[in-house]
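> Residue numbers (the numbering used here), protein chains in the order written: chain A, 1 to 441; chain B, 442 to 730.
Read the hints as simulated data drawn from the structure, not as lab findings.
Among the hints, a few may not be true.
Reference excerpt, derived from the structure (chain B facing chain A, CB under 10 Å, subset only) [to be verified]: (1) ASN541; (2) PRO568; (3) TRP588; (4) ALA595; (5) GLY680; (6) ALA682; (7) PHE695.
Even glycine gets a Cβ: it sits at the ideal position worked out from N, Cα and C.
Take a look at the letters that make up each chain.
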Amino acid sequence: MKKKAFTWLVLLMLMAGIVLSGCSSSSSDSASEGKSGDGKIHLKFMHDWPKGSSTAYYNLVEEIIKDYEAKHPNVQIDVEVLNPDQYRDKLKVLAASNELPDVGLTWSNGFAEPYATGGQFAPLNDIIEKEFKDQFVPGTVEAYTFNGKSYALPMEMNITYIFYNKEIFKKYGLQEPKTFEDLKNIGKTLIKHGVIPATVGSKDGWPASMWFMYLADRIGGPTILTDVIQGKVKMSDPAIVKAAKEVQNLVDMGFFVKGNTAFSNDDAKGYFLNEKAAMFLTATWELPNFTTSPDVPQEFKEKVGYFKFPLYEGGKGTDINSYVGGPGLGAFVAENSKHKEQAKDFAAYLVKEWGKRSVEGAGILPAMKVDTEGLDVPQMYLDVLNDINNATNITTWFDTQASPNVSELHHDLMTALFGKQITPEEFAKQHDDALAEEANK
Amino acid sequence: MKNVMSNKTAIILYVLPSLLLVLFLIYIPIALTGYYGLMDWSGVGQMKFIGLENYKKLIHDKLFWESTWHSVLLALFSVLSLIGYLIVSLILASKIKGGNLFRKIYIIPMLMSSVAIAQLWIKIFDPMNGLINSLLSMFGIKETPLWLADPDMALYSVFIPIVWQYAGFYIIIMYAALINVPQELIEAARIDGANAFQIAYKIKVPLISGVLKVLVILAVVGSLKYFDLIYVMTGGGPGHATEVIASYMYKEAFGKFNFGYGSAIGFGLLILSMGATWMIQKMLRVNQE
């Protein structure tokens, strides 16, 4: 009898062991959230700028955190760094179990929406009103605003240009294009001389979409894609179908690097950095690579120039200062953070210091307005900052504005459009079907 | 020993931990997946019960069946490649010179991580600077294929590294089985005048048929749920040319935030895999009789 009791005891202990080990991760989490042994407030902060691949971002964040901890000796920031893709997934998993970090980063619009409306992010209107009045670039806070409440402090702002290799252009006597027709002629000349006119990573979908979005802007006017999201215009609008058709015309003439539907954005970028392709339509997050980054040879950096996406003859978008772009990451505060006020304070400090230091310190364009006077940065930065100040319109990337569902579909369809697997009409129809299905929900 | 085997408590004691682990980590999640398939759920926030809606959608989803077809094709290729591996391991097991070295060469791809293999093959397939196309253009071929970028070719192009990746695994298992074939049988056959081919076909292969059956099932089920190389190399693209069930499931769940539908796809995959396993077992048993 005694023996039996012993066996059961061991059994019970085993089971308890399993159950406890299952919980161990969450129990240690809650310990780090609250005040632990050293009597400090521990704030958990998660970001997706790993030291290896986003060195400048990583260092700047580290610097700001150190300063904050120096100013608030009772607070310790526990940082967790992940790669962007893992970060997205982890955020989702943490949200599902109500364990978001106190402060973290979120993308705007469609990405943030489920978290914001699902009550995971805390509304930050009070801080924005109190500490950031009129300091953000217009249109950035709005990208994180749902039902009148703003859920993140925008940190990044990017617009897109066609970057080009000045030396290649000079070699073949080419000028920066004013119209889309000019751009096509440049393409023809380059093809004739065996140079790849432009590189694009259309496997990822979004880099390809930049070409489409600009053409839609130039042909159908600057608001057309936003109108599609809001249900005022259909994707099958002739102007948008025409834009998709023009994309395929470029593909047909061999404007883009061969095999681009199998290239990621990084693969495609390699062709530009190795001077195999003359042009690269991308966003200003690449500026460090073209100006300050020690990883890129200086002689190449001196060859890089940029121009605004040319106008389309007879199109409704007649303003060259209308850009495709958008806010990138913003800082959120978790709704069920144990130290919400402290977390908000840290988030505000982080974003404010970020706005002050990011251009000079890391070559990143912040979502806060930057005074270019006396700024010690490469000329290209000053030009871009001035462009942003003079921008008449910045259309947020279509895939960012769309829900995750439509966004994913858009990426797939973009790849298919570049791979000539679908016609412009089908391309439009599939978007419309998905948008309609969503509206009915 | 006999005493222990008849003591029920002891049996339970030894079996329970692993049973609980399997239950909690595998079977309960499987049941939950089936349950989530009944929901409209974005992964964050509230779930909404929608009954069999997701499963109905699944049956009529053209993309799902297309991905299933791609997975089935992969399974077919993997099974066909087993024949190649069998020949290789027959040769290796016949104690040729350098057999040891070759065995090691074949096993190396298996030691590499899938992502590294994927990166390696992306570079090999690169249409402009890749190894294959550079070789082709060296031989004067002008219109070099686009490999991963060509919708008609991409699927077969990704199959190559997948098959290559697992070669070592299958060869090593077949090799181990072949080594254990009793030497006396082979010698007896040789005395009776059987040639090498006859020995292989009539003696060695039938003797390791049990192992071969398991390998066929492994190859089929492994292919049906295959994910990693395809996801890294093409992401299911261009278009959906290389979409397989697992990558489609991942896209729906983690890309589009349709966890409900993603779960339904996962459950569909489970049923397909179980069906395939059952069918293969049945087929192979019939062959035997």
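> For every hint, state whether the structure bears it out.
Here's how the hints hold up against the structure:
This hint is violated: ASN541 of chain B has a C-beta 38 Å from the nearest C-beta of chain A, more than the 10 Å allowed. Contact between PRO568 of chain B and chain A, as hinted, is supported at the beta carbon level, the nearest pair being about 3 Å apart and thus within 10 Å. Against a cut-off of 10 Å between C-beta atoms, the interface hint on TRP588 of chain B holds, since the closest Cβ of chain A lies about 7 Å away. Evaluation of the ALA595 of chain B hint against chain A yields a held restraint, the C-beta minimum of about 7 Å falling below 10 Å.
Nearest Cβ of chain A to the Cβ of GLY680 of chain B: about 4 Å, under the 10 Å cut. The hint holds. Because the beta carbon of ALA682 of chain B sits about 7 Å from the nearest beta carbon in chain A, less than 10 Å, this interface hint is met. The restraint placing PHE695 of chain B at the interface with chain A holds, with a minimum CB-CB distance near 6 Å, inside the 10 Å limit.
When held up to the earlier numbered hints, the structure conflicts with hint 1 and nothing else.
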